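As given, the protein sequences belong to chains A and B, one line each in that order.
Residue numbering for the first sequence follows our numbering, starting at 870 and increasing by one per position.
Residue numbering for the second sequence follows our numbering, starting at 9 and increasing by one per position.
Honestly, I wouldn't trust all of these hints.
As the list claims (entries may be wrong) - Selected chain A positions facing chain B (Cβ under 10 Å, derived; list incomplete):
#1 977
#2 1018
#3 1021
#4 1049
#5 1069
#6 1110
Stated by the list, open to error - DSS-like, lysine-lysine: derived pairs with alpha carbons at most 27 Å apart:
#7 A:996 to B:299
#8 B:14 to A:1036
#9 A:1036 to A:1062
#10 A:932 to A:996
#11 A:1036 to A:1024
#12 B:14 to B:227
#13 B:327 to A:1024
#14 A:1024 to A:1062
#15 B:14 to A:996
#16 A:1062 to A:895
#17 A:996 to A:1024
#18 A:996 to A:1036
Derived by calculation from the structure, the hints in this document are not laboratory data.
Predicted model only: the values in this text are computed from it and were never measured.
Even glycine gets a Cβ: it sits at the ideal position worked out from N, Cα and C.
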Amino acid sequence: MLQLETVCKNFGGLPALSNVTFNVPKGQLTALIGPNGAGKSTLINCITGVLRPSSGSVVFQNKEIAQLPAYEISRLGISRTFQNLRLFPRLNVLDNVLTGLTCEGGQSMLMAMLRLPYLRHRERQLKLRSLEVLDRFGLSDKVNWPAEVLAYGDKKRVELARATVGKPDLLLLDEPVAGLNSEETATVGEQLKLLRRGGYTILLVEHDMDLVMEIADQVVVLDSGRCIATGTPDEVRRNPLVLEAYLGRVEAMA
Amino acid sequence: MSARDKFFYFIYLHRTGLTVTLLSTALLLFPLFEDNPYTLGVTNLIAINTIVVLGLNLFIGYAGQISLGHAAFFGLGAYGSAITTGTYGLPPWPSMIGVAFLVGLVALLIGIPILRLSGHYLAMATLGFNFVIHSVLLEWDELTGGPSGFSGIPYLGIGDFSFDDEVRLHYLLWGFAMIFLLLCLNLVRSGVGRGLSALAEDETAAAALGVNTRNAKIKVFVLSAVMASIAGSLFAHCYSFISPDSFGIFTSTDMVIMVVVGGMGSIWGSLFGAGLITLLPEWIGIFETYKDFVHGGILVAVLMFLPQGLVSGLIDMVKVRWAMRRREDAAT
Chain A
870 MLQLETVCKN FGGLPALSNV TFNVPKGQLT ALIGPNGAGK STLINCITGV
920 LRPSSGSVVF QNKEIAQLPA YEISRLGISR TFQNLRLFPR LNVLDNVLTG
970 LTCEGGQSML MAMLRLPYLR HRERQLKLRS LEVLDRFGLS DKVNWPAEVL
1020 AYGDKKRVEL ARATVGKPDL LLLDEPVAGL NSEETATVGE QLKLLRRGGY
1070 TILLVEHDMD LVMEIADQVV VLDSGRCIAT GTPDEVRRNP LVLEAYLGRV
1120 EAMA
Chain B
9 MSARDKFFYF IYLHRTGLTV TLLSTALLLF PLFEDNPYTL GVTNLIAINT
59 IVVLGLNLFI GYAGQISLGH AAFFGLGAYG SAITTGTYGL PPWPSMIGVA
109 FLVGLVALLI GIPILRLSGH YLAMATLGFN FVIHSVLLEW DELTGGPSGF
159 SGIPYLGIGD FSFDDEVRLH YLLWGFAMIF LLLCLNLVRS GVGRGLSALA
209 EDETAAAALG VNTRNAKIKV FVLSAVMASI AGSLFAHCYS FISPDSFGIF
259 TSTDMVIMVV VGGMGSIWGS LFGAGLITLL PEWIGIFETY KDFVHGGILV
309 AVLMFLPQGL VSGLIDMVKV RWAMRRREDA AT
């Protein structure tokens, strides 16, 4: 579904990503792991068009998307969450989720100003869909709250709801459980499994190894901007290069 | 659900429509109770300011940009209508639409380059644009009448009926203001409007949700310029005399102050802001003399204590308090 070919990104002269190549197969959960500063978030930003890759190609459903602006990539069906929450604090929870359906709400400003009956009807449907998703994430009693007063865990879930409400073909999750306690992590883990079973293709960036090993179908390991291993969780766990990246050089101990 | 609950739910569901209906009725009846031409003159000015402020509020509160140059579009509309109808004797309604179209085109042409800027730089660029237009209006005296102004602009009319006294103007101006209010309310309650409020809060996140941020900003800029231009045309036809003084940078800052007082991103707040700032000098004489001090003071005070604007800031505060209390109730 998503193919990355020798993606490079340089900041000034410094390479943040060099020759990253891997595939995200359809209907599976691919986890992207690596030590701090390995370039995981940079890679997500390159895929979603927040940053433009210096070279290389990103192909999504047989379409080259590497140099497209962020909004077009989003319209192709790639949706994401952010590492540092990016909710809209002044909007209420329902409106935050509804922004995930911006494209389906119509594009024409003129039509919006006239508010013709068909738009009104569509608005109601979008609202129902958003409420349904909020219900799935257990937030239905807080739909009218301003997003800024929510607890951190709830904010994370609202962001997940916003990213999934549009039924994207590919879901990019940038550390969805960072900062959550173990109980909340388990809940989010359950929800991720549900999403996967629901047929979503997911690329998950995560530090929490237990979670990754439990739910991932495929693991990709980045270190200093290079892709050092790809495989099933078990293969990756035994890969000496990965151990080295995480634990330091092994021969020093031998 | 009991009948009482149903009634309240109905009111809640249709709150926007009901408020608009109530306000329109009040405005329809207003001249029956108040026929003092001076008072009506002031409320008419509120209507004109409301139209400009609504557009500007879309740009500031929903697209999250700043413009200190909307008096220029207001002035272009006013002078456009004055010159086409006063000098060339063209019919007022078509020329009003033509002028609005041209002003929209001007906004598009300058919007494409300057909306690459943001923050202080955008403020400076729009301020500069306002200066240029103001100087042109002052200096090009064969066309604009220069500093002494332009007089003899015909009244608007339909057939033989002419909008020439305060009561008739009341219906004309508030009619326009309510139409624009309704259009803006519709816009912000749509998918496009939600995209815009996302844009105002966080550009990166908005782009990730599929909002074409550059185009959206330009579209809203053009829309607000067109609204300012129509308000300007109405202003010219209403007073039949205009001078460049009305379209300087201080008018622009006054417009921004109205937006800030009403609250950024609040359509109803625009109405309140335009009303309050237009009425202040009428209520209290000292504001007339020290207008600039007072306006500056209001701006600084509001931005320091309620950066989202007075009305919407207060409403937000109440909402947050209420939700916090519910959150605590849920915890105990």
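Open item on the list: If you test the structure against every hint from before, which numbers come out violated?
Closed with: Of the numbered hints, 3, 4, 5, 6, 7, 8, 10 and 12 do not hold.
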